[in-house]
Amino acid sequence: MFIGHNAVGFASKKFAPRTSLLLLMGAPMLLDLLWPIFLLLGIEHVRIQRGATRLTPLDFYDYPWSHSLLMAAVWSIVAGLLYFAVTRYGRGALVIGVGVISHWVLDFLTHRPDLPLWPGGPKVGLGLWNMPRVEIVTEALLFAIGIAVYRNVTKPRDAIGGVAFWLFVILLAGIFVANTAGTPPPDVRTLAWMALSMWILPLWAGWFDRHRDVVAT
0 MFIGHNAVGF ASKKFAPRTS LLLLMGAPML LDLLWPIFLL LGIEHVRIQR GATRLTPLDF
60 YDYPWSHSLL MAAVWSIVAG LLYFAVTRYG RGALVIGVGV ISHWVLDFLT HRPDLPLWPG
120 GPKVGLGLWN MPRVEIVTEA LLFAIGIAVY RNVTKPRDAI GGVAFWLFVI LLAGIFVANT
180 AGTPPPDVRT LAWMALSMWI LPLWAGWFDR HRDVVAT
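In terms of numbering that gives the first Met the number 0, the sequence shown has 181 at position 182, counting the first letter as 1, and numbering is strictly consecutive.
Warning: the hint list may mix true and false statements.
Stated by the list, open to error - Straight-line alpha carbon distances no greater than 20 Å define the calculated DMTMM-like cross-link-like pairs of lysine to aspartate or glutamate that follow: (1) Lys13 / Asp212; (2) Lys122 / Asp58; (3) Lys122 / Asp61; (4) Lys154 / Asp212; (5) Lys122 / Asp31.
To be verified - If you anchor each label on the Cβ, the simulated ranges turn out as follows: (6) Asn178 / Ile144: 13 to 21 Å; (7) Arg17 / Trp198: 21 to 29 Å; (8) Leu93 / Leu39: 29 to 37 Å.
Bear in mind the hints are in silico, worked out from the structure with no lab data behind them. No residue lacks a Cβ here, since even glycine has one placed at the ideal position from N, Cα and C.
Taking the hints into account, I'd like the entire structure generated from these sequences.
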């Protein structure tokens, strides 16, 4: 899943209005933000294999430290506690923690059984990536709902708050289309660097969020 995670980030603003969208968007993306770092360090591994699923050519055969359920829970607790230690905003800490663990839950819906419950443990996944129409519609609906929630609780203060927000949405939609219809990267190292570029997304979200005001919760 891709934009489904961003949907969680957008919707989280309703439940933690004082928290920057940088962190609210980064939380459900965190496992995927860690993954390319672990790939480049040789801690985790992936194969580019056409036909791995009907929707993605990636065989995620070894990523226990970023994508096992146990480690997702650990990252969730760490993220929530760190945020609370800095801000003392309990609601924000809870929302960030839930956002991190939500990544694993949504991936469980889409991945084939390649998500370990713990490092070295059994692997699970419902495999919506092998039902492309269902997966694409489900993810697009989640994305639309997340955007609607964010728009209902914030309003642009200036042009950046409006234009940069919609450009962000268009970029995410474009990446989603490219991921589902594009050609796979030539090698794993290129894939890792491409995935590493996704760190810019939470930063972008935090930028336009600073130019929007919370109007309802």
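Worksheet item: Any of the earlier hints contradicted here, and which numbers?
Response: none
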